[in-house]
Amino acid sequence: MGIGITREQRELAEAVRGWIARAVPPEEVRKLLDAPGEGRPPFWDGLAAQGLLGVHLPEEYGGGGGDVLDLAVVVEEAARAALPGPFVSSLLASLVLARAGADALVRALASGERTAAVAWEAGSLTARAVPGGYVLDGVAPPVLSGAEADLLILAAETETETETETEIETEIETIGIGTDSEAGGTIWVVVDAAEVAVRAHESADPTRATAEVRADGVRVPAERVLPVGSAPVRDLAAVVLAADACGTAAWALHTAAEYAKVREQFGHPIGRFQGVKHLCADMLVRVEQARALTWDAARATQEPDNVGELVSALAAADALDAAYSCAKDCIQILGGIGFTWEHDAHLYLRRAVVARQLFGAGDVHRLRAVRLAASGVRRELRLDLPAEASVYRAAAREFVEGVRGLEPAAVRRVLAPTGYAAPHLPPPYGLGAGPVQQLAVQEELAAAGVRMSELGIATWVVPSLIAYGTREQQERYLLPTLRGEMLWCQLFSEPGAGSDLASLRTRAERTADGRWRINGQKVWTSSARWADYGILLARTDPEAPKHKGLTYFVVDMKNTDGIDIRPLKEITGESLFNEVYFDDVVLPADAVVGDVDDGWKVARNTLGNERVHMADQLTFGTGIEALLLRAGDHDDAVRVRIGALVAQAHALACIGLRTTMRQVSGVEPGAGASVRKLVQTVHQQRVAELALELLGPEGALREGAGERAVHGFLLSRCLTIAGGTTQVQLNVVAERILGLPRD
1 MGIGITREQR ELAEAVRGWI ARAVPPEEVR KLLDAPGEGR PPFWDGLAAQ
51 GLLGVHLPEE YGGGGGDVLD LAVVVEEAAR AALPGPFVSS LLASLVLARA
101 GADALVRALA SGERTAAVAW EAGSLTARAV PGGYVLDGVA PPVLSGAEAD
151 LLILAAETET ETETETEIET EIETIGIGTD SEAGGTIWVV VDAAEVAVRA
201 HESADPTRAT AEVRADGVRV PAERVLPVGS APVRDLAAVV LAADACGTAA
251 WALHTAAEYA KVREQFGHPI GRFQGVKHLC ADMLVRVEQA RALTWDAARA
301 TQEPDNVGEL VSALAAADAL DAAYSCAKDC IQILGGIGFT WEHDAHLYLR
351 RAVVARQLFG AGDVHRLRAV RLAASGVRRE LRLDLPAEAS VYRAAAREFV
401 EGVRGLEPAA VRRVLAPTGY AAPHLPPPYG LGAGPVQQLA VQEELAAAGV
451 RMSELGIATW VVPSLIAYGT REQQERYLLP TLRGEMLWCQ LFSEPGAGSD
501 LASLRTRAER TADGRWRING QKVWTSSARW ADYGILLART DPEAPKHKGL
551 TYFVVDMKNT DGIDIRPLKE ITGESLFNEV YFDDVVLPAD AVVGDVDDGW
601 KVARNTLGNE RVHMADQLTF GTGIEALLLR AGDHDDAVRV RIGALVAQAH
651 ALACIGLRTT MRQVSGVEPG AGASVRKLVQ TVHQQRVAEL ALELLGPEGA
701 LREGAGERAV HGFLLSRCLT IAGGTTQVQL NVVAERILGL PRD
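The sequence shown begins at 1 in UniProt numbering and counts up one residue at a time.
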């Protein structure tokens, strides 16, 4: 997977990857370690012939008719291969020049006739107004690929506006170029490299060295002044560099995981050890978050009201740091071989370091994002469904109108017999709806302001009964459950078997008359005291290995003798969890769901027609919104932490939207769903922790403002335990997604 999620974007990524592998193999990149290149690389004409220099540009510019997201897909793949030369800088320059309307220069870049680089800040460069233009003096900050470019886009600080400067601005506007610079502000100009003094640095990244650009009385005519501001240039640079960073991080993750599969120590591949698994899984989380943010930033470059600025800042913050940290962790997993000059790992670390040093570490961009978010800037995520959705919307509207204004529980009771309470289920319990129809129904419910009560544990019970239950079981349980008339609990975990359900010891023995006698103890059972029914996993064959020999039962919690439910008081002082004791509990023969000794398969069942969720349109949530309201009361150290949570919240929302879009288009969901599940709980904990911390002494009290904050903090501790601990989930991600060896 990568930044792109559609079939077309994935095909583009594969094509770029294949061409670079043939045209610029790793040994060509390594040659630059000894002799850094200057000027146009030998493969430049090939890039142009493949259309990779203008994939994002309109066809009238000689481009491919794509957009910034297509550019991000290409940049990510180029970065995976550590493609040297002024590729990234030229693409960024073409974006800026296209935004400025400099058509001839854009065409020259798309055709490969010219190369370009961009200075992201003014440095000491100043622009003095003279008749017909400006005169530049000073030195720009280090310019990425500056020595390999023949066009340079530079920023310069103008002096206090004079009569001459006013005349120049009038002249610029007259010829249709325009300028948005203010008195004493920044202007952006494009100059030929031959007009300034360019000196290549001894760069930490020799594959695309930086350069010093010095101007000494360089005259810039009015037509070379670009009508762009600093914010758009910075935002476009953030998107391009974030995509580049995603490629660096992706290479590091892939290299580390593949090495961990084959490198043996102590008689086992190192990927079998939990410490290595967790490090690789953490890298995957960082990569997926960076990709999601970069994907959305690429889509938002034309959004109004500073929205693009917000999202690009979030993308730069996460992606640049992800490349840096993943490159370091890759070397850690590689061990000694990763510390050698011969291995490519240091090339990617160098690239990550230089990009981060030039454009700023993540905290710089997090502060910018917090400033924007605290001022009210928000990104609304939208999912555009295909045309067929209109048919589903129209069909749903009649049923939705019938429940408008009802309480959530009543909505469920009315809609359950129609199939609209669970459209993803097969008839007669649902509509057999695919992703598009499910989302269309959700949209209609939301548009009408209709909320429906949740099923809780029954969400997992219903699919298992549909797939494995007898007709009698389905008739007895399914519609009453979907109507909200039956409350369920899950009787899986035991004192010695929390996440490790293979170690279950509760016994189920068949009696002479075909019934089942249950003895044992379950724990951490939510809602057991008021549940009508429970789903129970018990061991029916103690000699069977691992997950074999378990059977899935339905238990009548209200009318079965021998069940003793004891509340467990939690750290909040509340009692949601329970211990449940089974003392010679007798269940009828028809309590078994599925085959005897095959209950693990029933418990893990998910229907092929899975439920699809509509992503939230506003991405921060109430906890983040509360922190943003208080951001102005605290110093930069606190604002950086808020910024990290803002980025994570938006990444989670984007991952959810990307997963949904994949389902709608019939593409495999990818790693997003697993990563989202892993990150969400930790994120909620961090929000609760910071909310409490910012209260200061008030947070020591369980009264006033402290009461809610203390309760939220204490309650959040269960989030990384319930449903499988974070550590176990990291193992699952490493094994199932990255393919690392199982313990």
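Wrong hints could be hidden among the right ones.
[To be verified] Here are the simulated lysine-lysine pairs, DSBU-like style, with alpha carbons at most 30 Å apart: (1) Lys601 - Lys548; (2) Lys328 - Lys261; (3) Lys601 - Lys677; (4) Lys677 - Lys548; (5) Lys558 - Lys601; (6) Lys569 - Lys558; (7) Lys677 - Lys558; (8) Lys677 - Lys328; (9) Lys677 - Lys546; (10) Lys601 - Lys546; (11) Lys677 - Lys261; (12) Lys601 - Lys261; (13) Lys569 - Lys261; (14) Lys31 - Lys328.
Everything labelled a hint here was simulated from the structure, so no lab data went into it.
Hints, verified against the model:
1. For the suggested pair Lys601 and Lys548, the alpha carbons sit about 9 Å apart, so the restraint of at most 30 Å is met.
2. For the given pair, Lys328 sits about 19 Å from Lys261 by alpha-carbon distance, which is consistent with the 30 Å threshold.
3. Between Lys601 and Lys677 the CA atoms are separated by roughly 22 Å; this keeps the pair inside 30 Å, and the hint holds.
4. A hinted pair counts as satisfied when its Cα atoms are at most 30 Å apart, and Lys677 with Lys548 qualifies at roughly 27 Å.
5. For the hint pairing Lys558 with Lys601, the CA-to-CA distance comes to about 27 Å; that is within 30 Å, so the pair holds.
6. Note on Lys569 and Lys558: the hinted pairing holds, with a Cα-Cα distance of about 22 Å set against a maximum of 30 Å.
7. This hinted pair does not check out: Lys677 and Lys558 have alpha carbons roughly 33 Å apart, beyond 30 Å.
8. In summary, the hint linking Lys677 to Lys328 is supported, as the alpha carbons are separated by about 25 Å, within the 30 Å threshold.
9. In summary, the hint linking Lys677 to Lys546 is supported, as the alpha carbons are separated by about 26 Å, within the 30 Å threshold.
10. Taken as a hint, the Lys601 and Lys546 pair is honoured in the structure, with Cα atoms around 13 Å apart against an allowance of 30 Å.
11. The suggested pairing of Lys677 with Lys261 holds, with an alpha-carbon distance near 25 Å, which does not exceed 30 Å.
12. Distance check on the hinted pair: Lys601 and Lys261 sit about 28 Å apart at the alpha-carbon level, within 30 Å; holds.
13. With a C-alpha separation of about 44 Å, the suggested pairing of Lys569 with Lys261 is violated against the 30 Å cut-off.
14. At roughly 23 Å between alpha-carbon atoms, Lys31 and Lys328 fall within 30 Å of each other, so this suggested pair holds.
Hint check: violations occur at hints 7, 13; the rest are consistent with the structure.
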